[in-house]
Amino acid sequence: MWLWYLAPGQRLGLSCGRVWLLVLLLLGCDLAREGGSVLNCPPKCVCASNIISCSKLGLGIIPTKLPRFTAILDLSHNNLTRLRADWTPARLPHLHSLLLNHNALGFISTEAFCHVPHLRYLDLSSNSIKALEEFLFSQLQELEVLLLYNNQIAQMDRSAFDDMARLQKLYLSQNQISRFPMELVKDRAKLPDLALLDLSANKIKGLPVAALKGLPAWMKNGLYLHSNPLSCDCGLYELFTHWHARQLSSVVDFREELVCSLPLAKRSVSVFTLNSQDSLNCSEFKEHMLEAYLGDTVTIDCDTKVRGAITREWVTPNNRRFPEETANSTMTVLGNGSLQIRLIRVEDMGTYTCYAVSQAFNETLYVDVMVHNFTQHGTHDTLNTAYTTLVGCILSVILVLIYLYLTPCRCCCRGNEKLAAQPEDSINSSMLSTTPNHNPEVAVRKGSLSHLAASGPMQGQNEPKWQAEPGSPLPAAAPSP
-14 MWLWYLAPGQ RLGLSCGRVW LLVLLLLGCD LAREGGSVLN CPPKCVCASN IISCSKLGLG
46 IIPTKLPRFT AILDLSHNNL TRLRADWTPA RLPHLHSLLL NHNALGFIST EAFCHVPHLR
106 YLDLSSNSIK ALEEFLFSQL QELEVLLLYN NQIAQMDRSA FDDMARLQKL YLSQNQISRF
166 PMELVKDRAK LPDLALLDLS ANKIKGLPVA ALKGLPAWMK NGLYLHSNPL SCDCGLYELF
226 THWHARQLSS VVDFREELVC SLPLAKRSVS VFTLNSQDSL NCSEFKEHML EAYLGDTVTI
286 DCDTKVRGAI TREWVTPNNR RFPEETANST MTVLGNGSLQ IRLIRVEDMG TYTCYAVSQA
346 FNETLYVDVM VHNFTQHGTH DTLNTAYTTL VGCILSVILV LIYLYLTPCR CCCRGNEKLA
406 AQPEDSINSS MLSTTPNHNP EVAVRKGSLS HLAASGPMQG QNEPKWQAEP GSPLPAAAPS
466 P
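Letter 58 of the sequence shown, counting from 1, is numbered 43 in my numbering, and no numbers are missing.
Don't read these hints as lab results, they were simulated from the structure. Worth double-checking, as some hints may not be accurate.
[As the list claims (entries may be wrong)] Taking lysine to aspartate or glutamate and the EDC-like style, the derived pairs with C-alpha atoms no more than 16 Å apart in a straight line are:
#1 154 - 127
#2 175 - 142
#3 271 - 353
#4 175 - 218
#5 190 - 147
#6 198 - 59
#7 41 - 59
#8 175 - 129
#9 190 - 172
#10 154 - 178
#11 171 - 147
[To be verified] Restraint ranges, calculated between C-beta atoms of paired labels, are given here:
#12 242 - 359: 46 to 54 Å
#13 355 - 308: 19 to 27 Å
#14 280 - 178: 38 to 46 Å
#15 247 - 280: 27 to 35 Å
#16 76 - 46: 18 to 26 Å
#17 252 - 220: 19 to 27 Å
#18 280 - 95: 18 to 26 Å
#19 161 - 239: 48 to 56 Å
Where is the CB? At the ideal position from N, CA and C, for every residue including glycine.
From just these sequences and the hints, can you work out the full model?
Here's what the structure looks like:
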(Lines of atoms letter the chains of each structure in order from A and count residues from 1; the text may use other names and numbers.)
(Lines give C-alpha, C1' and ligand atoms only; values in the text may rest on other atoms or scores of the structure.)
Protein backbone atom coordinates (compact mmCIF):
# COMPACT_ATOMS: atom_id res chain seq x y z
CA MET A 1 0.00 0.00 0.00
CA TRP A 2 2.99 2.28 0.48
CA LEU A 3 3.19 2.54 -3.27
CA TRP A 4 0.18 4.86 -3.43
CA TYR A 5 1.91 7.45 -1.27
CA LEU A 6 4.45 8.02 -4.00
CA ALA A 7 4.11 10.41 -6.88
CA PRO A 8 2.62 9.02 -10.09
CA GLY A 9 5.97 9.20 -11.91
CA GLN A 10 7.70 7.40 -9.12
CA ARG A 11 5.02 4.72 -9.08
CA LEU A 12 5.51 4.15 -12.84
CA GLY A 13 9.29 3.80 -12.53
CA LEU A 14 9.05 1.36 -9.69
CA SER A 15 6.55 -0.75 -11.58
CA CYS A 16 8.89 -0.95 -14.58
CA GLY A 17 11.73 -2.06 -12.29
CA ARG A 18 9.63 -4.88 -10.89
CA VAL A 19 8.82 -6.00 -14.44
CA TRP A 20 12.49 -6.15 -15.38
CA LEU A 21 13.28 -8.09 -12.23
CA LEU A 22 10.61 -10.63 -13.15
CA VAL A 23 12.12 -10.99 -16.64
CA LEU A 24 15.60 -11.65 -15.24
CA LEU A 25 14.22 -14.30 -12.90
CA LEU A 26 12.53 -16.07 -15.79
CA LEU A 27 15.76 -16.00 -17.82
CA GLY A 28 17.61 -17.46 -14.86
CA CYS A 29 15.15 -20.32 -14.71
CA ASP A 30 15.68 -21.02 -18.41
CA LEU A 31 19.46 -21.06 -17.95
CA ALA A 32 19.05 -23.46 -15.05
CA ARG A 33 16.98 -25.83 -17.19
CA GLU A 34 19.71 -25.75 -19.89
CA GLY A 35 22.49 -26.55 -17.45
CA GLY A 36 23.88 -23.03 -17.35
CA SER A 37 23.41 -22.38 -13.65
CA VAL A 38 26.04 -22.63 -10.96
CA LEU A 39 23.76 -25.21 -9.37
CA ASN A 40 24.91 -27.66 -12.10
CA CYS A 41 28.53 -27.54 -10.94
CA PRO A 42 29.84 -31.10 -10.39
CA PRO A 43 30.08 -32.21 -6.75
CA LYS A 44 33.21 -31.11 -4.88
CA CYS A 45 34.33 -29.06 -7.91
CA VAL A 46 34.81 -25.32 -7.90
CA CYS A 47 32.98 -23.37 -10.60
CA ALA A 48 33.47 -19.73 -11.49
CA SER A 49 31.56 -18.52 -14.50
CA ASN A 50 32.71 -20.78 -17.37
CA ILE A 51 35.68 -22.23 -15.44
CA ILE A 52 35.29 -25.63 -13.73
CA SER A 53 38.06 -26.88 -11.46
CA CYS A 54 37.99 -30.48 -10.23
CA SER A 55 41.66 -30.65 -9.31
CA LYS A 56 43.12 -32.70 -6.44
CA LEU A 57 39.92 -34.59 -5.66
CA GLY A 58 41.22 -38.15 -6.13
CA LEU A 59 38.80 -38.74 -8.99
CA GLY A 60 38.89 -42.09 -10.77
CA ILE A 61 36.35 -41.10 -13.42
CA ILE A 62 35.50 -37.78 -15.00
CA PRO A 63 32.28 -36.15 -13.74
CA THR A 64 29.39 -36.37 -16.17
CA LYS A 65 26.83 -33.73 -17.12
CA LEU A 66 29.33 -30.94 -17.50
CA PRO A 67 27.75 -27.60 -18.44
CA ARG A 68 27.76 -26.87 -22.16
CA PHE A 69 29.18 -23.40 -21.61
CA THR A 70 32.36 -24.77 -19.98
CA ALA A 71 35.43 -23.06 -21.43
CA ILE A 72 38.19 -24.24 -19.06
CA LEU A 73 38.11 -27.68 -17.41
CA ASP A 74 40.78 -28.57 -14.84
CA LEU A 75 41.02 -32.30 -14.00
CA SER A 76 44.66 -32.32 -12.93
CA HIS A 77 46.16 -34.16 -9.93
CA ASN A 78 43.65 -37.01 -9.87
CA ASN A 79 43.71 -40.79 -10.41
CA LEU A 80 42.39 -40.96 -13.97
CA THR A 81 43.80 -43.95 -15.88
CA ARG A 82 41.83 -44.00 -19.15
CA LEU A 83 40.38 -41.36 -21.41
CA ARG A 84 37.63 -43.00 -23.42
CA ALA A 85 35.53 -41.61 -26.23
CA ASP A 86 32.50 -41.24 -23.94
CA TRP A 87 34.21 -39.34 -21.12
CA THR A 88 31.80 -36.52 -21.90
CA PRO A 89 28.49 -37.68 -23.38
CA ALA A 90 27.49 -34.16 -24.39
CA ARG A 91 29.28 -31.93 -26.84
CA LEU A 92 31.28 -29.09 -25.28
CA PRO A 93 31.46 -26.53 -28.09
CA HIS A 94 32.98 -23.75 -25.94
CA LEU A 95 35.75 -25.77 -24.27
CA HIS A 96 39.15 -24.40 -25.31
CA SER A 97 41.42 -25.54 -22.42
CA LEU A 98 41.59 -29.05 -20.93
CA LEU A 99 44.02 -29.88 -18.11
CA LEU A 100 44.68 -33.58 -17.45
CA ASN A 101 48.21 -33.35 -16.09
CA HIS A 102 49.45 -35.32 -13.06
CA ASN A 103 47.16 -38.30 -13.48
CA ALA A 104 47.85 -41.95 -14.31
CA LEU A 105 46.62 -41.89 -17.90
CA GLY A 106 47.97 -44.83 -19.88
CA PHE A 107 45.28 -45.14 -22.53
CA ILE A 108 43.79 -42.42 -24.73
CA SER A 109 41.17 -43.33 -27.32
CA THR A 110 41.50 -41.91 -30.81
CA GLU A 111 37.87 -40.76 -30.43
CA ALA A 112 38.46 -39.10 -27.07
CA PHE A 113 38.38 -35.58 -28.51
CA CYS A 114 35.44 -35.87 -30.87
CA HIS A 115 33.16 -33.82 -28.53
CA VAL A 116 35.71 -31.00 -28.01
CA PRO A 117 36.54 -29.88 -31.56
CA HIS A 118 37.50 -26.32 -30.59
CA LEU A 119 40.15 -27.24 -28.05
CA ARG A 120 43.20 -24.95 -28.23
CA TYR A 121 45.15 -25.96 -25.10
CA LEU A 122 45.66 -29.58 -23.97
CA ASP A 123 47.86 -30.58 -21.03
CA LEU A 124 48.65 -34.31 -20.80
CA SER A 125 51.95 -33.95 -18.98
CA SER A 126 53.09 -36.11 -16.04
CA ASN A 127 51.10 -39.21 -16.93
CA SER A 128 51.94 -42.80 -17.97
CA ILE A 129 51.54 -42.51 -21.74
CA LYS A 130 53.92 -44.92 -23.51
CA ALA A 131 53.01 -44.54 -27.18
CA LEU A 132 51.28 -42.08 -29.48
CA GLU A 133 49.06 -44.05 -31.82
CA GLU A 134 48.19 -43.11 -35.37
CA PHE A 135 45.82 -40.17 -35.86
CA LEU A 136 45.61 -39.73 -32.08
CA PHE A 137 45.21 -35.95 -32.22
CA SER A 138 43.86 -35.59 -35.76
CA GLN A 139 40.46 -34.35 -34.49
CA LEU A 140 42.07 -31.38 -32.72
CA GLN A 141 42.45 -29.24 -35.81
CA GLU A 142 42.36 -25.99 -33.80
CA LEU A 143 44.83 -27.06 -31.10
CA GLU A 144 47.69 -24.59 -30.55
CA VAL A 145 49.54 -25.92 -27.47
CA LEU A 146 50.08 -29.61 -26.60
CA LEU A 147 51.98 -30.63 -23.46
CA LEU A 148 53.22 -34.24 -23.32
CA TYR A 149 56.34 -33.89 -21.20
CA ASN A 150 57.22 -36.19 -18.28
CA ASN A 151 55.58 -39.31 -19.68
CA GLN A 152 57.02 -42.64 -20.84
CA ILE A 153 56.62 -42.08 -24.58
CA ALA A 154 59.00 -44.29 -26.55
CA GLN A 155 57.10 -44.69 -29.82
CA MET A 156 55.43 -42.08 -31.98
CA ASP A 157 53.47 -42.92 -35.08
CA ARG A 158 54.28 -40.61 -37.97
CA SER A 159 50.58 -39.78 -38.37
CA ALA A 160 49.93 -39.00 -34.70
CA PHE A 161 50.05 -35.25 -35.38
CA ASP A 162 48.31 -35.18 -38.75
CA ASP A 163 45.69 -32.50 -39.46
CA MET A 164 47.06 -30.18 -36.77
CA ALA A 165 47.81 -27.19 -38.96
CA ARG A 166 47.43 -24.67 -36.12
CA LEU A 167 49.75 -26.36 -33.62
CA GLN A 168 52.36 -23.85 -32.43
CA LYS A 169 53.99 -25.43 -29.36
CA LEU A 170 54.71 -29.12 -28.73
CA TYR A 171 56.39 -30.23 -25.50
CA LEU A 172 57.87 -33.76 -25.59
CA SER A 173 60.69 -33.47 -23.05
CA GLN A 174 61.46 -36.04 -20.32
CA ASN A 175 60.32 -39.09 -22.27
CA GLN A 176 61.99 -42.17 -23.77
CA ILE A 177 62.22 -40.94 -27.38
CA SER A 178 65.33 -42.29 -29.13
CA ARG A 179 64.68 -41.12 -32.71
CA PHE A 180 64.55 -37.49 -33.74
CA PRO A 181 61.11 -36.97 -35.34
CA MET A 182 62.33 -35.19 -38.44
CA GLU A 183 58.89 -35.44 -40.03
CA LEU A 184 57.64 -32.82 -37.57
CA VAL A 185 59.99 -30.09 -38.81
CA LYS A 186 61.03 -31.16 -42.31
CA ASP A 187 57.59 -31.18 -43.89
CA ARG A 188 56.36 -27.69 -43.07
CA ALA A 189 53.04 -28.38 -44.76
CA LYS A 190 52.25 -30.82 -41.93
CA LEU A 191 52.79 -28.39 -39.02
CA PRO A 192 53.25 -25.02 -40.73
CA ASP A 193 52.87 -22.93 -37.54
CA LEU A 194 55.07 -25.04 -35.25
CA ALA A 195 57.47 -22.58 -33.60
CA LEU A 196 58.47 -24.55 -30.46
CA LEU A 197 59.46 -28.22 -30.26
CA ASP A 198 60.91 -29.37 -26.95
CA LEU A 199 62.75 -32.71 -27.22
CA SER A 200 65.09 -32.20 -24.29
CA ALA A 201 65.91 -34.92 -21.73
CA ASN A 202 65.14 -37.88 -23.99
CA LYS A 203 67.25 -40.78 -25.33
CA ILE A 204 68.35 -39.21 -28.64
CA LYS A 205 71.96 -40.07 -29.56
CA GLY A 206 72.21 -38.80 -33.13
CA LEU A 207 70.87 -35.76 -34.95
CA PRO A 208 70.30 -35.18 -38.70
CA VAL A 209 72.77 -32.29 -38.77
CA ALA A 210 72.49 -31.54 -42.49
CA ALA A 211 68.69 -31.35 -42.33
CA LEU A 212 68.73 -29.18 -39.21
CA LYS A 213 71.05 -26.69 -40.88
CA GLY A 214 68.44 -26.06 -43.56
CA LEU A 215 65.69 -25.06 -41.12
CA PRO A 216 64.76 -21.37 -40.85
CA ALA A 217 66.13 -19.46 -37.88
CA TRP A 218 62.72 -18.94 -36.28
CA MET A 219 62.30 -22.73 -36.09
CA LYS A 220 65.83 -23.34 -34.78
CA ASN A 221 65.17 -20.72 -32.11
CA GLY A 222 62.46 -22.94 -30.61
CA LEU A 223 64.06 -26.38 -31.11
CA TYR A 224 65.30 -27.58 -27.71
CA LEU A 225 67.69 -30.57 -27.76
CA HIS A 226 69.66 -30.24 -24.52
CA SER A 227 70.11 -33.01 -21.91
CA ASN A 228 70.19 -35.80 -24.50
CA PRO A 229 72.95 -38.48 -24.68
CA LEU A 230 74.31 -37.12 -27.96
CA SER A 231 77.42 -38.61 -29.59
CA CYS A 232 80.21 -36.10 -30.10
CA ASP A 233 81.33 -35.20 -33.61
CA CYS A 234 82.54 -32.06 -35.37
CA GLY A 235 79.26 -31.66 -37.25
CA LEU A 236 77.45 -31.35 -33.92
CA TYR A 237 80.01 -28.77 -32.77
CA GLU A 238 79.55 -26.68 -35.92
CA LEU A 239 75.74 -26.87 -35.66
CA PHE A 240 75.41 -25.61 -32.09
CA THR A 241 78.26 -23.12 -32.40
CA HIS A 242 76.47 -21.52 -35.33
CA TRP A 243 73.21 -21.41 -33.36
CA HIS A 244 75.04 -19.80 -30.44
CA ALA A 245 76.58 -17.19 -32.75
CA ARG A 246 73.08 -16.35 -33.95
CA GLN A 247 71.99 -15.99 -30.30
CA LEU A 248 69.22 -18.56 -30.66
CA SER A 249 67.31 -19.09 -27.42
CA SER A 250 67.39 -22.90 -27.65
CA VAL A 251 71.20 -22.82 -27.29
CA VAL A 252 71.93 -19.63 -25.36
CA ASP A 253 69.48 -20.42 -22.54
CA PHE A 254 70.69 -24.03 -22.11
CA ARG A 255 74.37 -23.79 -23.01
CA GLU A 256 75.51 -25.78 -19.96
CA GLU A 257 73.07 -28.64 -20.67
CA LEU A 258 74.31 -29.17 -24.23
CA VAL A 259 76.72 -32.07 -23.65
CA CYS A 260 77.80 -35.13 -25.64
CA SER A 261 79.71 -38.37 -25.14
CA LEU A 262 83.17 -38.85 -26.65
CA PRO A 263 83.56 -41.95 -28.88
CA LEU A 264 86.38 -43.61 -26.90
CA ALA A 265 85.65 -42.21 -23.46
CA LYS A 266 82.94 -42.80 -20.90
CA ARG A 267 82.52 -39.16 -19.98
CA SER A 268 80.42 -36.30 -21.20
CA VAL A 269 81.85 -32.99 -22.33
CA SER A 270 80.36 -29.72 -23.42
CA VAL A 271 79.60 -29.48 -27.12
CA PHE A 272 81.36 -26.12 -27.25
CA THR A 273 84.71 -27.64 -26.15
CA LEU A 274 85.05 -30.10 -29.04
CA ASN A 275 87.55 -27.78 -30.74
CA SER A 276 90.13 -28.40 -28.00
CA GLN A 277 92.97 -30.88 -28.42
CA ASP A 278 91.75 -32.88 -25.43
CA SER A 279 88.57 -33.87 -27.29
CA LEU A 280 88.08 -33.98 -31.09
CA ASN A 281 90.20 -30.95 -32.09
CA CYS A 282 87.45 -29.68 -34.42
CA SER A 283 88.17 -26.69 -36.62
CA GLU A 284 87.13 -23.29 -35.37
CA PHE A 285 83.72 -22.28 -36.62
CA LYS A 286 83.54 -19.45 -39.12
CA GLU A 287 80.46 -18.02 -40.73
CA HIS A 288 80.27 -19.03 -44.38
CA MET A 289 80.05 -16.23 -46.90
CA LEU A 290 77.86 -16.32 -49.97
CA GLU A 291 79.87 -16.88 -53.17
CA ALA A 292 78.70 -15.82 -56.64
CA TYR A 293 80.04 -15.45 -60.18
CA LEU A 294 79.73 -12.63 -62.66
CA GLY A 295 76.28 -12.36 -64.18
CA ASP A 296 74.60 -14.68 -61.67
CA THR A 297 71.23 -14.02 -60.01
CA VAL A 298 71.76 -14.15 -56.23
CA THR A 299 69.10 -14.27 -53.51
CA ILE A 300 70.13 -13.26 -49.97
CA ASP A 301 67.80 -14.48 -47.22
CA CYS A 302 66.92 -12.38 -44.18
CA ASP A 303 66.73 -15.40 -41.85
CA THR A 304 65.33 -13.85 -38.67
CA LYS A 305 64.66 -15.58 -35.35
CA VAL A 306 61.07 -14.41 -35.20
CA ARG A 307 58.50 -15.53 -37.70
CA GLY A 308 56.40 -13.00 -39.57
CA ALA A 309 58.52 -9.86 -39.25
CA ILE A 310 56.49 -6.81 -40.18
CA THR A 311 59.14 -5.00 -42.23
CA ARG A 312 62.57 -5.85 -43.60
CA GLU A 313 65.02 -3.30 -44.91
CA TRP A 314 68.34 -3.99 -46.65
CA VAL A 315 71.46 -1.82 -46.76
CA THR A 316 74.06 -2.60 -49.45
CA PRO A 317 77.85 -2.17 -49.12
CA ASN A 318 77.41 1.14 -50.98
CA ASN A 319 74.92 2.33 -48.31
CA ARG A 320 71.94 2.04 -50.62
CA ARG A 321 68.65 1.14 -48.95
CA PHE A 322 66.09 -1.29 -50.31
CA PRO A 323 63.20 -1.37 -50.90
CA GLU A 324 63.29 1.96 -52.64
CA GLU A 325 61.70 3.52 -55.67
CA THR A 326 64.49 3.04 -58.20
CA ALA A 327 63.84 2.49 -61.86
CA ASN A 328 65.71 -0.28 -63.70
CA SER A 329 67.44 -1.43 -60.51
CA THR A 330 69.07 -4.86 -60.45
CA MET A 331 68.22 -5.27 -56.74
CA THR A 332 64.71 -5.96 -55.47
CA VAL A 333 63.21 -7.11 -52.15
CA LEU A 334 61.01 -10.18 -52.58
CA GLY A 335 57.76 -10.88 -50.76
CA ASN A 336 59.47 -13.03 -48.10
CA GLY A 337 61.98 -10.29 -47.31
CA SER A 338 64.91 -11.72 -49.30
CA LEU A 339 67.09 -9.43 -51.42
CA GLN A 340 67.51 -10.52 -55.05
CA ILE A 341 70.43 -9.27 -57.13
CA ARG A 342 70.29 -9.80 -60.89
CA LEU A 343 73.42 -9.79 -63.10
CA ILE A 344 75.70 -9.41 -60.11
CA ARG A 345 78.97 -7.50 -60.57
CA VAL A 346 82.28 -7.34 -58.73
CA GLU A 347 81.22 -3.93 -57.39
CA ASP A 348 78.34 -5.65 -55.56
CA MET A 349 80.74 -7.57 -53.30
CA GLY A 350 80.70 -6.76 -49.59
CA THR A 351 78.56 -6.98 -46.44
CA TYR A 352 74.78 -6.67 -46.72
CA THR A 353 72.73 -5.71 -43.66
CA CYS A 354 69.12 -6.70 -43.03
CA TYR A 355 67.02 -4.85 -40.46
CA ALA A 356 63.98 -6.89 -39.39
CA VAL A 357 61.28 -5.16 -37.35
CA SER A 358 58.41 -6.96 -35.59
CA GLN A 359 56.04 -6.30 -32.73
CA ALA A 360 58.16 -8.38 -30.32
CA PHE A 361 61.69 -7.13 -31.05
CA ASN A 362 64.07 -5.94 -33.75
CA GLU A 363 66.93 -7.92 -35.26
CA THR A 364 69.94 -7.07 -37.43
CA LEU A 365 71.60 -9.62 -39.73
CA TYR A 366 74.85 -9.38 -41.69
CA VAL A 367 75.60 -11.40 -44.83
CA ASP A 368 79.00 -11.34 -46.59
CA VAL A 369 78.91 -11.76 -50.38
CA MET A 370 81.97 -12.59 -52.52
CA VAL A 371 81.84 -12.18 -56.31
CA HIS A 372 84.41 -14.00 -58.46
CA ASN A 373 85.80 -12.00 -61.39
CA PHE A 374 84.76 -14.56 -64.01
CA THR A 375 81.66 -16.40 -65.09
CA GLN A 376 81.04 -19.90 -63.87
CA HIS A 377 80.16 -21.10 -67.39
CA GLY A 378 83.40 -19.72 -68.87
CA THR A 379 85.53 -21.50 -66.31
CA HIS A 380 83.93 -24.81 -67.17
CA ASP A 381 84.57 -24.25 -70.89
CA THR A 382 88.26 -23.56 -70.20
CA LEU A 383 88.59 -26.71 -68.13
CA ASN A 384 86.83 -28.78 -70.78
CA THR A 385 89.23 -27.48 -73.47
CA ALA A 386 92.27 -28.31 -71.35
CA TYR A 387 91.03 -31.83 -70.66
CA THR A 388 90.31 -32.38 -74.36
CA THR A 389 93.83 -31.26 -75.34
CA LEU A 390 95.42 -33.51 -72.73
CA VAL A 391 93.43 -36.54 -73.85
CA GLY A 392 94.36 -35.87 -77.50
CA CYS A 393 98.07 -35.74 -76.68
CA ILE A 394 97.91 -39.01 -74.74
CA LEU A 395 96.13 -40.77 -77.61
CA SER A 396 98.73 -39.49 -80.10
CA VAL A 397 101.61 -40.88 -78.04
CA ILE A 398 99.86 -44.24 -77.73
CA LEU A 399 99.35 -44.47 -81.51
CA VAL A 400 103.02 -43.66 -82.18
CA LEU A 401 104.17 -46.37 -79.78
CA ILE A 402 101.84 -48.89 -81.42
CA TYR A 403 103.22 -47.99 -84.86
CA LEU A 404 106.86 -48.33 -83.76
CA TYR A 405 106.72 -51.52 -81.72
CA LEU A 406 103.63 -53.46 -82.69
CA THR A 407 103.72 -53.26 -86.56
CA PRO A 408 103.95 -56.83 -88.13
CA CYS A 409 107.26 -57.58 -90.10
CA ARG A 410 106.62 -59.36 -93.41
CA CYS A 411 110.35 -60.09 -94.10
CA CYS A 412 110.70 -62.20 -91.02
CA CYS A 413 107.71 -64.28 -92.01
CA ARG A 414 109.20 -65.22 -95.40
CA GLY A 415 112.82 -65.66 -94.40
CA ASN A 416 112.51 -69.35 -93.63
CA GLU A 417 110.82 -70.06 -96.95
CA LYS A 418 113.75 -68.53 -98.91
CA LEU A 419 116.31 -70.47 -96.95
CA ALA A 420 114.50 -73.76 -97.52
CA ALA A 421 114.39 -73.36 -101.34
CA GLN A 422 117.51 -74.03 -103.55
CA PRO A 423 118.97 -71.18 -105.58
CA GLU A 424 118.63 -73.06 -108.88
CA ASP A 425 115.01 -73.91 -108.20
CA SER A 426 114.34 -70.30 -107.52
CA ILE A 427 115.96 -69.22 -110.81
CA ASN A 428 114.18 -71.85 -112.88
CA SER A 429 110.87 -71.06 -111.22
CA SER A 430 111.22 -67.39 -111.98
CA MET A 431 112.26 -68.08 -115.56
CA LEU A 432 109.41 -70.50 -116.29
CA SER A 433 106.63 -68.76 -114.39
CA THR A 434 103.97 -67.21 -116.59
CA THR A 435 100.60 -65.65 -116.12
CA PRO A 436 97.99 -68.24 -115.14
CA ASN A 437 95.99 -69.55 -118.10
CA HIS A 438 92.73 -71.40 -117.99
CA ASN A 439 93.49 -73.36 -121.21
CA PRO A 440 93.85 -77.05 -120.21
CA GLU A 441 96.32 -77.84 -122.97
CA VAL A 442 98.66 -75.06 -122.05
CA ALA A 443 98.40 -76.07 -118.44
CA VAL A 444 99.45 -79.63 -119.29
CA ARG A 445 102.44 -78.42 -121.32
CA LYS A 446 103.58 -76.09 -118.58
CA GLY A 447 103.27 -78.85 -116.05
CA SER A 448 105.37 -81.25 -118.16
CA LEU A 449 108.03 -78.69 -118.84
CA SER A 450 108.23 -77.65 -115.28
CA HIS A 451 108.68 -81.28 -114.30
CA LEU A 452 111.53 -81.68 -116.75
CA ALA A 453 113.23 -78.51 -115.66
CA ALA A 454 113.04 -79.47 -112.03
CA SER A 455 114.33 -83.02 -112.63
CA GLY A 456 117.30 -82.01 -114.81
CA PRO A 457 118.74 -84.04 -117.82
CA MET A 458 118.68 -87.80 -117.50
CA GLN A 459 121.91 -89.74 -117.66
CA GLY A 460 122.88 -90.54 -121.23
CA GLN A 461 120.90 -87.76 -122.78
CA ASN A 462 122.22 -84.64 -124.43
CA GLU A 463 121.58 -81.15 -123.25
CA PRO A 464 118.74 -79.42 -125.05
CA LYS A 465 119.79 -77.34 -128.08
CA TRP A 466 117.37 -74.55 -127.37
CA GLN A 467 117.20 -71.85 -124.78
CA ALA A 468 114.02 -70.31 -123.62
CA GLU A 469 113.75 -66.64 -124.31
CA PRO A 470 111.34 -64.45 -122.55
CA GLY A 471 108.11 -64.36 -124.50
CA SER A 472 109.08 -67.20 -126.94
CA PRO A 473 106.66 -70.15 -127.42
CA LEU A 474 107.44 -73.40 -125.75
CA PRO A 475 108.31 -76.43 -127.98
CA ALA A 476 105.82 -79.23 -128.26
CA ALA A 477 106.36 -82.22 -126.03
CA ALA A 478 107.75 -85.35 -127.75
CA PRO A 479 105.32 -88.18 -128.08
CA SER A 480 105.89 -91.01 -125.72
CA PRO A 481 107.15 -94.28 -127.29
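Quick rundown of the hints versus the structure:
1. 154 - 127: 12 Å, holds
2. 175 - 142: 14 Å, holds
3. 271 - 353: 12 Å, holds
4. 175 - 218: Violated, at about 31 Å.
5. 190 - 147: 26 Å, violated
6. 198 - 59: 40 Å, violated
7. 41 - 59: 10 Å, holds
8. 175 - 129: Measuring from Cα to Cα gives roughly 14 Å; hence the hint holds.
9. 190 - 172: 22 Å, violated
10. 154 - 178: 9 Å, holds
11. 171 - 147: Holds: residue 171 and residue 147 sit about 14 Å apart, inside 16 Å.
12. 242 - 359: 46 to 54 Å: 48 Å, holds
13. 355 - 308: 19 to 27 Å: 24 Å, holds
14. 280 - 178: 38 to 46 Å: Holds, since residue 280 and residue 178 (Cβ atoms, about 39 Å apart) stay within the stated range.
15. 247 - 280: 27 to 35 Å: 48 Å, violated
16. 76 - 46: 18 to 26 Å: With a Cβ separation near 19 Å, residue 76 and residue 46 satisfy 18 to 26 Å, so the hint holds.
17. 252 - 220: 19 to 27 Å: 20 Å, holds
18. 280 - 95: 18 to 26 Å: 57 Å, violated
19. 161 - 239: 48 to 56 Å: Violated: the Cβ-Cβ distance is about 20 Å, outside 48 to 56 Å.
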